[in-house]
Amino acid sequence: MNSEELAWKIRRHAIEMTHLSKGSHIGSILSVADIIAILYADVLHIDPQNAQMEDRDRIILSKGHAGAAIYAALAEKGFFPISELSTHYSNGSRLSGHVSHKGVPGVEFSTGSLGHGLPVATGMAYAAKLQHKKHHIYVVIGDGELNEGSNWEAMMFAHHFKLDNLTVIIDYNKMQSLTFCEETISLKFLDEKIRSFGFNIIDIDGHNHDELRKSFKTSFDNKSPTCIIANTIKGEGIPFMENNILWHYRSPQGEEYIAAVSELEKIKR
Amino acid sequence: MRDIFVKTLIDIARSDENVHLLTGDLGFGVLKPYWEELPDQFTNVGIAEQNMTGIAAGMALSGKVVYTYSIGNFPTLRCLEQIRNDCAYHDANVKIVCVGGGFVYGALGMSHHATEDIAIMRALPGVVVIAPGDLTEAEAATKAIYKQQGVCYLRLGRGGEQRIHSEAPDFQIGRAIKIKNGLKVVIFSTGGIFDEAIEACNILKKSNIDPGLYTFPTIKPIDKQTIIECMNSYDYIVTLEEHNYIGGFGGAVSEIISEVKNRNCVQIRIGIEDIYSSIVGDQKYLRDVYGLSSSKIANRILSKIASDC
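In order, the protein sequence lines correspond to chains G and X.
If you count the first sequence from 1, position 31 lands on 31 in the numbering used here, and the numbers rise without skipping.
If you count the second sequence from 1, position 237 lands on 237 in the numbering used here, and the numbers rise without skipping.
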């Protein structure tokens with residue numbers, strides 16, 4: 001399955017999952033869907049038959065509220081049955097709203113509280129260096145999440161210890177919980193901020209698969225970690241959800257659900 | 001205690017290259033022997049405890065046995081959620097080491113008093129909580145937590161603690177250590193205040209009270225069996241900790257006592273009475289101010305017995 005197909009399926013599953021569960025965060029899931037799709041379709045060295053394979057690449061979704069995107073990707077990759085996605089949020093399910101590894105093959109790390117993923121990914125990258133292992137560590141973080149100081153602690157460490165096996169992808173949709181990032185805590189000069197912390201910066205359209213693919217293939221020979229600033233749109237793919245903070249919380253029901261499915265059908269290739 | 005911890009950890013790390021020590025930029029003069037001998041198994045992460053604990057989780061999940069080291073509340077309260085979510089929920093093999101339990105850093109002020117850490121760490125599922133009472137227990141505890149898979153919290157004193165056990169006790173995580181039998185009163189002590197407990201026993205003897213004495217280097221899992229046995233043998237169980245009297249070691253013992261039917265035994269919970277210290281003084285001085293010196297421990301026990309007569 002190519003990345004475009006996987007991205008579409010992640011979006012379609014996510015609409016269904018948040019519809020059935022009456023769950024939140026569909027805007028964030030649609031925002032990050034292309035990043036996750038590229039990683040699982042084209043980048044990660046992983047094996048659904050051997051989820052704990054020692055030399056697997058590690059991926060942490062630090063913005064755990066978009067966990068449905070990971071669950072959908074893992075199911076489509078064969079880590080567990082697709083039918084299980086419909087249990088998301090429900091009593092007795094192993095698929096919690098925020099991504100959890102417990103009993104879920106393929107989930108590397110549980111998150112939900114923001115600002116945790118990058119330090120842990122940094123620890124994984126540091127350990128891999130000490131162990132002379134070649135696998136790569138990817139961590140996907142939200143833009144609002146950058147309000148958490150722990151991210152910046154980890155960035156300083158990753159630069160200092162030359163962790164070029166670490167790639168941070170920022171899902172830069174310019175919105176956070178209550179409103180736009182710019183109206184909350186400004187992220188102006190984001191690229192310069194992170195570059196000044198010693199990272200290589202790749203600034204791209206986070207919904208353009210060619211750009212995403214190319215950025216994951218870009219290598220630098222300066223022993224620095226890399227940060228891909230993926231410019232995205234919250235709610236991408238469903239016009240009435242795009243850039244609308246309401247869809248950080250709202251679950252697609254009734255006519256909105258039908259309209260959302262219909263919008264996705266329009267972009268199906 | 002911190003020196004015996006470091007010495008013991010060096011021995012462990014020599015034989016296991018997966019052992020890795022992280023410090024939050026503390027341990028000048030203390031950790032030096034470690035970093036000089038084992039530089040590849042040591043990292044100063046800087047003054048960033050949240051990051052240190054997240055990194056520890058990531059390293060542990062990559063096969064390392066990771067020790068995080070700092071003082072007072074910095075390795076625990078400052079990064080509590082990283083301990084909960086990143087380490088404990090993931091069963092990561094992380095050992096959290098605090099130097100300075102209680103009033104060890106007395107004169108430095110309340111920011112450096114670790115006086116709620118036991119209660120808070122004890123409430124986290126999957127976390128073993130250990131507070132050695134002397135150098136012998138500290139050495140044994142350091143060895144024991146290495147062998148214990150998962151998250152352990154080791155609450156140490158600083159320097160200058162005595163070697164109270166005359167011989168190496170049979171140290172097991174989850175087991176109390178009997179120092180002596182007694183009559184009517186038994187004292188359970190956890191952590192570095194063990195020396196005050198010994199002295200309190202000597203004071204009480206002059207009033208014809210000969211207490212039994214146990215140390216509880218492990219607070220979680222608590223030694224239920226010893227508590228219940230003592231409930232059958234003594235009228236008073238005194239719990240002693242250099243910590244808030246709410247939720248800590250005394251609380252752990254109370255939880256066991258409260259579930260036993262037909263008890264004839266009451267507990268005297270001695271600890272800091274739910275306040276922060278703003279008084280300047282060294283550890284010995286502050287213990288006395290807050291009722292934790294040997295004489296005040298003895299007086300508290302005597303007055304309780306007198307009031308019950």
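A couple of the hints might just be wrong.
Stated by the list, open to error - Straight line, CA to CA, 27 angstroms or less: simulated DSSO-like cross-link-like pairs of lysine-lysine: (1) Lys102(G) x Lys284(X); (2) Lys133(G) x Lys261(X); (3) Lys32(X) x Lys162(G); (4) Lys261(X) x Lys184(X); (5) Lys162(G) x Lys214(G); (6) Lys174(G) x Lys188(G); (7) Lys129(G) x Lys223(G); (8) Lys184(X) x Lys129(G); (9) Lys174(G) x Lys22(G); (10) Lys134(G) x Lys77(G); (11) Lys129(G) x Lys32(X).
I should point out that these hints are in silico values taken from the structure, not numbers from a laboratory.
Each hint, compared with the structure:
no. : hint                  : result
1   : Lys102(G) x Lys284(X) : violated (47 angstroms)
2   : Lys133(G) x Lys261(X) : violated (57 angstroms)
3   : Lys32(X) x Lys162(G)  : holds (24 angstroms)
4   : Lys261(X) x Lys184(X) : holds (19 angstroms)
5   : Lys162(G) x Lys214(G) : holds (22 angstroms)
6   : Lys174(G) x Lys188(G) : holds (10 angstroms)
7   : Lys129(G) x Lys223(G) : holds (12 angstroms)
8   : Lys184(X) x Lys129(G) : violated (59 angstroms)
9   : Lys174(G) x Lys22(G)  : holds (25 angstroms)
10  : Lys134(G) x Lys77(G)  : holds (23 angstroms)
11  : Lys129(G) x Lys32(X)  : holds (24 angstroms)
This entry does not satisfy hints 1, 2 and 8, going by the numbered hints stated previously.
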